[in-house]
Amino acid sequence: MDFSFYPDDLNFSSVEQLPGLEARAAFTVNSQSVFREDTDIVPTLIDDKLSYIPWGGDNQMPFDILDLIEKDETLATCQCFNAEVCYGAGLRYDTCIASDAVKQEVEDFYLDNDLAAYFLGVSQDFKHFGFAVSVLILNEDGTKIVRLLRKEACYCRFAPADTVGKIPSVLYANWRKCVASPSEIEVIDLLDPSAPWRDLQDKLAKRTRNRKFAIVSRIPTVDSTYYPIPYYASLFRGKWYNIKQLIGIAKEAKLKNHAPIKYQIEISAKYWESIFRAEGITDRRKQQERIVREKQSILDFLTGAENSGKAWFSTFYITPDGKEQHDVVINKIDATKEGGDWETDIQEAINMICFTMRVHSNLVGSVPGKAQTNNSGSDKRELYTIAQALQKPYHDLLFTVHRIIIKFNAWQGVTVDVPFIQLTTLDEHQDAKEVKVTSDKA
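Note that our numbering has the sequence shown beginning at 3, numbered continuously upward.
Treat the hints loosely; a few may be bogus.
[Unchecked claim] Straight-line distance between alpha carbons at most 25 Å, and here's what the computed PhoX-like set of lysine-lysine pairs gives:
| id | residue 1 | residue 2 |
| --- | --- | --- |
| 1 | 382 | 394 |
| 2 | 105 | 146 |
| 3 | 214 | 146 |
| 4 | 105 | 297 |
| 5 | 208 | 382 |
| 6 | 146 | 382 |
| 7 | 297 | 272 |
| 8 | 241 | 264 |
| 9 | 272 | 73 |
| 10 | 51 | 272 |
| 11 | 297 | 253 |
| 12 | 394 | 409 |
| 13 | 51 | 208 |
| 14 | 214 | 394 |
| 15 | 179 | 73 |
| 16 | 179 | 153 |
| 17 | 179 | 288 |
| 18 | 51 | 241 |
| 19 | 288 | 264 |
| 20 | 241 | 253 |
| 21 | 51 | 168 |
| 22 | 264 | 253 |
| 23 | 153 | 409 |
| 24 | 51 | 205 |
| 25 | 205 | 146 |
| 26 | 73 | 297 |
| 27 | 153 | 394 |
| 28 | 409 | 205 |
| 29 | 214 | 288 |
| 30 | 168 | 153 |
| 31 | 146 | 51 |
| 32 | 288 | 241 |
[To be verified] Quick list of the computed label-pair ranges, beta carbon to beta carbon:
| id | residue 1 | residue 2 | range |
| --- | --- | --- | --- |
| 33 | 176 | 99 | 23 to 31 Å |
| 34 | 139 | 295 | 23 to 31 Å |
| 35 | 295 | 214 | 45 to 53 Å |
| 36 | 53 | 209 | 22 to 30 Å |
| 37 | 288 | 383 | 50 to 58 Å |
| 38 | 295 | 166 | 28 to 36 Å |
| 39 | 145 | 360 | 23 to 31 Å |
These are computed hints drawn from the structure, not numbers from a lab. The structure displayed is predicted, hence computed values, not measured ones. By construction, the Cβ of each residue, glycine as well, lies at the ideal position given by its N, Cα and C atoms.
Using the sequences and the accompanying hints, generate a full structural model.
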């Protein structure tokens, strides 16, 4: 057993040798447990005046999602590709028909705000979590919007809605750690998502001294919750993410140890948490040692079942004290596949991930193998064009913030746009060109 682990990361997944057998067992974490909206979510109190709605049962859901994405090369690449496609040729304020004075104001706004980093950031938030938070900062007189900031969605939490369903504020803090003091939280007034322009006008008409307001750009979902469930949630609730992870573990074990993986033990993260809570273990090193002991108990169970010739596999595991544990699933693996025989399986898993992420595998070059089918250049250009065309609804949602800025600052003749990048053919003597989407929105 390997006791080594990173200070902030417990070693839940590993490959272990079965005592007395020429075989190994792979421990993995069940990715389905990352989504915990199935339980009732109640506001968490900071003090008498401040509370928030946790994101997931333990308020760590966005970080759990990011952790799962970072553990899979295909999924991480697809997310990056989707964000870059949403970015297009970049956010532009078109000033072609504006006056020279307005052009100068827009130029000054560009210099005071890094719009490229802002727009790529909100594109990332949109693709990862289904919503993005922008912050408008007005000048002291409240007559001009002078700053535009992005607040990373994973560090944003919503205050409980009032009696009419309106969320009053966004709480921004480092929720990776325990936040127990109001001094650690930035509270930002949230403009009404259904009518942000009217809400901003009403607040200023009431002579508020606040000069900072948040706007939430949210992808509408069929289930209205505080935090949207991303469209790719089915990838974690299903089996293909875990299958791809298991294939990687199996190939590594085969290459390193020349011993096949005979069992996959899939354990829910909630199972480990329940052990720590029941036994009162809070120290990270002691938690890791407890994980190792539990893994050894499971391996001893498998070894005894194998030696007795009466192996029993079901949807739950019997702990050494005779209790049924439904958070542990033991799967027997067909050990006849070795080496390159996994190639078709990994291709199938990658294709399912790319399909769920709505990214053609040839666009990100993620399908392995020497004899793979490949699209022609014309097909790839069309696929890329289709991918960009599908970003229009997301752009429309993100443009609301900029339309408010343009109208509030009275920039007559200015429009907002994100030109597409049109890949060209060789006879046009250029690699790519921008295609502007005509819009009459001001």
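Do the hints match the structure? See the list:
1. 382 - 394: Roughly 20 Å between the alpha carbons, so the hint for residue 382 and residue 394 holds.
2. 105 - 146: It holds: about 15 Å lies between the C-alpha atoms, which stays within 25 Å.
3. 214 - 146: holds (12 Å)
4. 105 - 297: violated (66 Å)
5. 208 - 382: violated (54 Å)
6. 146 - 382: With Cα atoms ~45 Å apart, residue 146 and residue 382 exceed 25 Å; violated.
7. 297 - 272: OK: residue 297 and residue 272 at ~15 Å, within 25 Å.
8. 241 - 264: Holds, because 18 Å separates the two Cα atoms, which is no more than 25 Å.
9. 272 - 73: holds (19 Å)
10. 51 - 272: Not OK: residue 51 and residue 272 at ~31 Å, beyond 25 Å, violated.
11. 297 - 253: Holds, at roughly 21 Å.
12. 394 - 409: holds (21 Å)
13. 51 - 208: Distance ~22 Å between residue 51 and residue 208 Cα, so the pair holds.
14. 214 - 394: violated (28 Å)
15. 179 - 73: holds (21 Å)
16. 179 - 153: holds (18 Å)
17. 179 - 288: holds (20 Å)
18. 51 - 241: Judged against 25 Å, a Cα distance of about 43 Å means the pair is violated.
19. 288 - 264: Violated - the C-alpha atoms of residue 264 and residue 288 are around 29 Å apart, more than 25 Å.
20. 241 - 253: holds (18 Å)
21. 51 - 168: At roughly 17 Å apart (the allowed maximum being 25 Å), residue 168 and residue 51 satisfy the hint.
22. 264 - 253: Given that 25 Å is the threshold and the Cα spacing comes to 12 Å, the pair holds.
23. 153 - 409: holds (22 Å)
24. 51 - 205: holds (21 Å)
25. 205 - 146: Holds, at about 15 Å.
26. 73 - 297: holds (22 Å)
27. 153 - 394: holds (23 Å)
28. 409 - 205: Holds, at roughly 16 Å.
29. 214 - 288: Violated, at roughly 45 Å.
30. 168 - 153: Holds: residue 168 and residue 153 sit about 20 Å apart, inside 25 Å.
31. 146 - 51: The hint is violated at about 31 Å.
32. 288 - 241: Roughly 31 Å between the alpha carbons, so the hint for residue 288 and residue 241 is violated.
33. 176 - 99: 23 to 31 Å: violated (45 Å)
34. 139 - 295: 23 to 31 Å: violated (53 Å)
35. 295 - 214: 45 to 53 Å: holds (51 Å)
36. 53 - 209: 22 to 30 Å: Since residue 53 and residue 209 have Cβ atoms about 27 Å apart, the given range 22 to 30 Å holds.
37. 288 - 383: 50 to 58 Å: Distance hint for residue 288, residue 383 holds at roughly 57 Å.
38. 295 - 166: 28 to 36 Å: violated (53 Å)
39. 145 - 360: 23 to 31 Å: violated (43 Å)
This entry does not satisfy hints 4, 5, 6, 10, 14, 18, 19, 29, 31, 32, 33, 34, 38 and 39, going by the numbered hints stated previously.
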